[in-house]
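Q: Chains as they are written, first to last, in the numbering used here: chain E, 283 to 573; chain X, 50 to 466.
Hints listed in this document are in silico derivations from the structure and should not be mistaken for laboratory results.
One or more hints might be untrue.
[Claimed, not checked] Reference listing, derived: stretches of chain X covered by chain E, where coverage requires no fewer than 3 residues with Cβ under 8 Å from a Cβ of chain E: (1) 130-141; (2) 158-168; (3) 314-323; (4) 386-399.
[Stated by the list, open to error] Covered stretches of chain E (chain X as the covering partner; in silico rule of three or more C-beta atoms under 8 Å from a C-beta of chain X): (5) 465-475; (6) 494-503; (7) 529-537.
Each residue gets a CB set at the ideal place from its N, CA and C atoms; glycine is no exception.
Listed here are the chains, written in short residue letters.
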Amino acid sequence: VSRALAVGLFQGAAYGLLAMGIVLVHRNARTFNVAQGEFGSAAAFVAFGLFHAARLPYGVAGALALVFVAGLGVGVERLVVRPLADSAPPALVLATAGVALGIIAASLLGTSAQPSLVRASIAAPQVAFLRTRIGVGQLLVVPAVVGIGLAMQSFLRSNFGLAVSAAGEDRLAARTLGVDAARASGLVWALAALLGGLAGIVLLAAQPVLVPGFVTMYALVPAFAAAVMAGMRNLTGAAVAGLAIGLTQGFVSYVVGQKLGVPGTPELVAFVVLLAVLTSTSRGRVERTVA
Amino acid sequence: VNRVPGTLAERRLRGGGAIRTGTRGGRFEPTPAGLAARAAVAVGLTVFVFVAPALATAAWDQRIAVAASFAVVGLSINVLTGYSGQVSLGHQALVGIGAFVSAFVAGRVSGGFLLALPLAGAAAAAAAVVVGAVAARLDAMSTAVVTLAFGGAAEATLFRIRGFAGGAGGLGAPRPSAFRSDQAYAELCLVLLGLFLVLDWRLSRTKAGRAMVAVRRDPRSAAGFGIDVAAYRMLAFGVSGFLAGVAGSMLAHANGVAAATEFDLSIALVWVAMAVVGGLGSRAGVVVGSALFAVLPSLLPTAPVHVGVFGTRNLAFVTPLVAAVMAVLAITLYPGGIGQQLAPIRRWLAGGPLVAGPRGAAVQAAPPGVLPSAPEDRPAPPIPSSNGKGAPHDAVLDLTAGGAPLIRLPNPNGRGR
Numbered sequence: 283v284s285r286a287l288a289v290g291l292f293q294g295a296a297y298g299l300l301a302m303g304i305v306l307v308h309r310n311a312r313t314f315n316v317a318q319g320e321f322g323s324a325a326a327f328v329a330f331g332l333f334h335a336a337r338l339p340y341g342v343a344g345a346l347a348l349v350f351v352a353g354l355g356v357g358v359e360r361l362v363v364r365p366l367a368d369s370a371p372p373a374l375v376l377a378t379a380g381v382a383l384g385i386i387a388a389s390l391l392g393t394s395a396q397p398s399l400v401r402a403s404i405a406a407p408q409v410a411f412l413r414t415r416i417g418v419g420q421l422l423v424v425p426a427v428v429g430i431g432l433a434m435q436s437f438l439r440s441n442f443g444l445a446v447s448a449a450g451e452d453r454l455a456a457r458t459l460g461v462d463a464a465r466a467s468g469l470v471w472a473l474a475a476l477l478g479g480l481a482g483i484v485l486l487a488a489q490p491v492l493v494p495g496f497v498t499m500y501a502l503v504p505a506f507a508a509a510v511m512a513g514m515r516n517l518t519g520a521a522v523a524g525l526a527i528g529l530t531q532g533f534v535s536y537v538v539g540q541k542l543g544v545p546g547t548p549e550l551v552a553f554v555v556l557l558a559v560l561t562s563t564s565r566g567r568v569e570r571t572v573a
Numbered sequence: 050v051n052r053v054p055g056t057l058a059e060r061r062l063r064g065g066g067a068i069r070t071g072t073r074g075g076r077f078e079p080t081p082a083g084l085a086a087r088a089a090v091a092v093g094l095t096v097f098v099f100v101a102p103a104l105a106t107a108a109w110d111q112r113i114a115v116a117a118s119f120a121v122v123g124l125s126i127n128v129l130t131g132y133s134g135q136v137s138l139g140h141q142a143l144v145g146i147g148a149f150v151s152a153f154v155a156g157r158v159s160g161g162f163l164l165a166l167p168l169a170g171a172a173a174a175a176a177a178v179v180v181g182a183v184a185a186r187l188d189a190m191s192t193a194v195v196t197l198a199f200g201g202a203a204e205a206t207l208f209r210i211r212g213f214a215g216g217a218g219g220l221g222a223p224r225p226s227a228f229r230s231d232q233a234y235a236e237l238c239l240v241l242l243g244l245f246l247v248l249d250w251r252l253s254r255t256k257a258g259r260a261m262v263a264v265r266r267d268p269r270s271a272a273g274f275g276i277d278v279a280a281y282r283m284l285a286f287g288v289s290g291f292l293a294g295v296a297g298s299m300l301a302h303a304n305g306v307a308a309a310t311e312f313d314l315s316i317a318l319v320w321v322a323m324a325v326v327g328g329l330g331s332r333a334g335v336v337v338g339s340a341l342f343a344v345l346p347s348l349l350p351t352a353p354v355h356v357g358v359f360g361t362r363n364l365a366f367v368t369p370l371v372a373a374v375m376a377v378l379a380i381t382l383y384p385g386g387i388g389q390q391l392a393p394i395r396r397w398l399a400g401g402p403l404v405a406g407p408r409g410a411a412v413q414a415a416p417p418g419v420l421p422s423a424p425e426d427r428p429a430p431p432i433p434s435s436n437g438k439g440a441p442h443d444a445v446l447d448l449t450a451g452g453a454p455l456i457r458l459p460n461p462n463g464r465g466r
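Okay, chain X solo, but in the shape it has when bound (with noise of 0.2 Å):
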């Protein structure tokens, strides 16, 4: 075993490890102080997020209940747009959907929370699963505009009808006896939130998982590998609208009523959005983008505000004018998001180091990205061949599990470029 050279203050900085170089070749491992250390900071963080509903106001385990059903609508968007690559325009269906069966089943029906919670997941998964057996088949900006149409008629139609969606004043949804105070409801929402990151963690290590992230690199190469595309692409439409489904169901039970105002296209909009800037394809930084957004409007006050030149205006306009910069700005700017600076600390807790120095490297493998990398980052477009006959595409199969792949072809509506 060599030590790592440099003072105690540099290897502290590194993560107090030791690279081991021998039979493993140079890999990064904790020392046992180091091992200590992170589990210390793991345990406590853990400890904290469930402690603090107890330790918070109401109105502050309100907001926890409402950013936990936010974050499960993040890994929503998460899977179906960080892992296979489709973007949807009209996630406010699925949420809505969810939210009204499950108003619906635990107040209507009597069924209870146990049973509503499931039922709306389900009744949004069959929705996605119908919508993405067309999108499916479809370019990138196709299945935008079908989810688009999806969302808006399901708006228009589904949440106009007053046996569905309660007419003007919603549907009640009661909470479960058991977590009728905020607090308790705000604890339960956590538990459910950590249970569904477990799930899609589970999801993003499976056949299936490394599947649709391989549609979304190149839906050629992987059908070239035997994927079935149009199979995966639906699968992530049904675990997206299952996700939606719950968070509808969380976030219902949580305001204690489900309204169709609250799901029109400009929130649906606020979630992709939240999403990007948390980062796609980053767990972590999706959950805390998307409790940003569902924590920002509730600290705005709620009476109109003298705002310069436009006069006295209600502050609604500040929390999707704040998701659209910052998504802008991130997909331009800062393609990793949130997830890609929280990425340092991942590292360090799952073992690695808080800085990854030139011989750390082989533990720095950066997540994997969704988005294209700031313009300087990108390597030189590549030369066409000239021969003429073999497009450029042709040359390159990239299938890597990490890094973005190095050449973008072909556009999937079968233009070359």
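Same shape as in the complex, but just chain E (with noise of 0.2 Å):
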């Protein structure tokens, strides 16, 4: 059980990113960010090519890649965000779902011809960087993502951060009023770029098995609710709620999954609390009082 609970913490510390990330974009730009979880793979990519061909220490390969991901939060920022930012509410959507898809691609292209092989190579520094590091991992995630949750939350306090918050209620009038808006964007789909590629390098460490799109797969959702759950405002809950719901789905999976034996528990874990989330919180409540 501890063992399942230990991937459990590592996997609610990507999800608390992640969430993070998810609701960093949302107060700026009012929509879900497809891609927030491939930002994630792409960091994890970029870190492990760097780790394993490059030969690099693992703190500067991660490094390295969290820069590379927060460089390619601004460019997505300027070539799809910033195009659409008036446009009708599945736009962005279908925009951030293709840039999705591109970084699945490119993963595809960076990973080699004979898939089995690659994970073979990959699961093995992989499982002996997480047994050095589970021990002190497990006691340091926690302070670390509610850390991070508690000085983004108070970064948002700041002026910049009412810049970003104010552009996502009303970009006119936070024009009008002397806010940059364009600059605001571009920085929040950074952090959020950041808080991504974050959340993969932790992932990775908690399920070593590097696959196209495996942070899309295995995280967005659950990401997704624990955001639902900080009602799209709060970072700290959003962190919190991330490391709860990881900690469930560690312990159902163990119950359900392990002990009984059925396949894709995480997933149908991740896909119940989601509905349970979105049916009980006030998301849609608008429409429903029309519909």
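Both chains come to you apart, so use the hints to assemble them.
A: Okay, here's the thing in structure tokens:
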């Protein structure tokens, strides 16, 4: 059980980080960034590539990967998000889905022709990395994620953070009042990509399987559920909710998945949690009153 | 009757028609010769489509069958996203359910293709309605995540049950005995595609079809007009699920096998991208876009190829990469997609002018834009009312049949912009 809970904690940390990115983008652009998970996959692939192929120390590889992914976030904001700033809701969701697909395709290019071989060669150093750090990691990951959440929350109360939210409430009014909406948007996407990248690297430590799209497949749904639980507003709440969902998932997967042998229990848990959260919170309430 | 001014060549360019003034108020009508030309082209195109499988090699017949299946997937996504404005990131589950049900009925139970096809559609439609029942009450982004979660859960659970999905080797999906050859099966798939195109076209002209579009344009205004928003969103999910299921059936029998590895997240995203590239809201565009991404992977070499600094690589990444780049370009720069480029041909075939001049403008109605138009075409953002009471969206109810709505408000999550 402790092993399952440890993995759940790592996964929960990844969910929390992703959820913070989702909340941040939603506060600024009022949309859901489908590519949030793929920022994590991109960071994981780059980090692993540098670690494995270029033989850099893991910390350096991770830091470089985070820098890369922040740049990716800025690029996505500039080329995809900004042209669609005034468009109808489904357009940005579709566009970020396109970005996610692009990153999945790029990671397919980054893996070699035989996926099984890649998996075997990745699993070895990652497990070793996990073994050496799991004791410390378990202790550090919860305060680290909650700390990032608190720091981000206080950042949102700064002038710049207020500008971010103002641009999300009413872009035109914010611009009229002298808010640099474009700069706010760029920084939000860089930060969101950074959080996503961190989530990808943490998730890789929990599940040493590097396959294209793995962060989207394993973590995006619970992260969105965590973001909704935090009302799409509170960053610390999103971090805590992510950790809670991860722990729940780890525990239920252990009981139902391993003891009863149901395939895909983590995905089922994520689905059920999402439905429970969406039907019990106020999301979509406006439409429910008219529908 | 006033003849159109201009040289004969100019008239030809406009489609060989005359503009009748009089009671019809400047409506363009083709001359008899123009009508004959249109009929000849329409018949020629139709004949070509159905003769093509006989002329093509077996490999191309197989590609035609897969392309027709993908086109039905595209229509399925078009009903959901193009009509009702909901995004599905979990279509691999619906198409997969169709494929496995069809393979099970035709293969394990020997029920025959004629029974397997509708059952596949019904099973996928049932699953889609269940998802839709939840999604109908949510905004676009929550719907996207619910379908993503559904797709992931189906992939990880349903498709791993050996009795349902046949395990690692997949389920054998025998073709119907009369259509065993690649050519005959390609013809069958084309006939089915034609059937579903007609059904889709008729659906779009019904009350339900118009209601779905109204729901996409503005859920609140639609509700104000007495449209049951949740019910029509669920209906869109049901129709989309049915089309996805029959597409899965067509695909499974084209390949002879339904395997779980075919239905993953990246193919679901490719399907969404191909519908966007085709042009949401345009049947012809979606069919062309889908066929493009169905055929593309089969044209690439299967053996790994040397790709620059990346070394020797399998080319499986090319199709999703092309789909992603084209989809993002389509959304940001060419929101009409391929459908917009095909619009002049469609307009001409429907009896309009090929080049819409100023006087032919009456028939130049642009296809209703699902995605926003390019930035420079967009009207200036609304100025919020200053009395502090009336939010800007109170003033605007746009339910017109053609053209993009003037002002896009409010966000369905209730936060007006």
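Q: Each hint should be assessed against the structure and marked as holding or not.
A: Results for each hint:
Counting residues of the region 130-141 of chain X whose C-beta lies closer than 8 Å to any C-beta of chain E gives 5; at least three are required, and the coverage claim holds. With 0 residues bearing a CB less than 8 Å from a CB of chain E, the region 158-168 of chain X misses the requirement of three and the coverage assertion fails. Judged by the Cβ-Cβ criterion of 8 Å, the region 314-323 of chain X is covered by chain E as claimed, because 6 of its residues qualify and three suffice. Under the rule that three or more residues need a Cβ within less than 8 Å of chain E, the assignment of the region 386-399 of chain X is violated, with 0 such residues.
Only residues whose beta carbon comes within less than 8 Å of a beta carbon in chain X count, and the region 465-475 of chain E has 0; fewer than three means the coverage is violated. Counting residues of the region 494-503 of chain E whose CB falls under 8 Å from any CB of chain X gives 6; the rule of at least 3 is met. Judged by the Cβ-Cβ criterion of 8 Å, the region 529-537 of chain E is not covered by chain X as claimed, because only 0 of its residues qualify and three are needed.
The structure is inconsistent with the numbered hints 2, 4, 5 and 7, although it conforms to all the rest.
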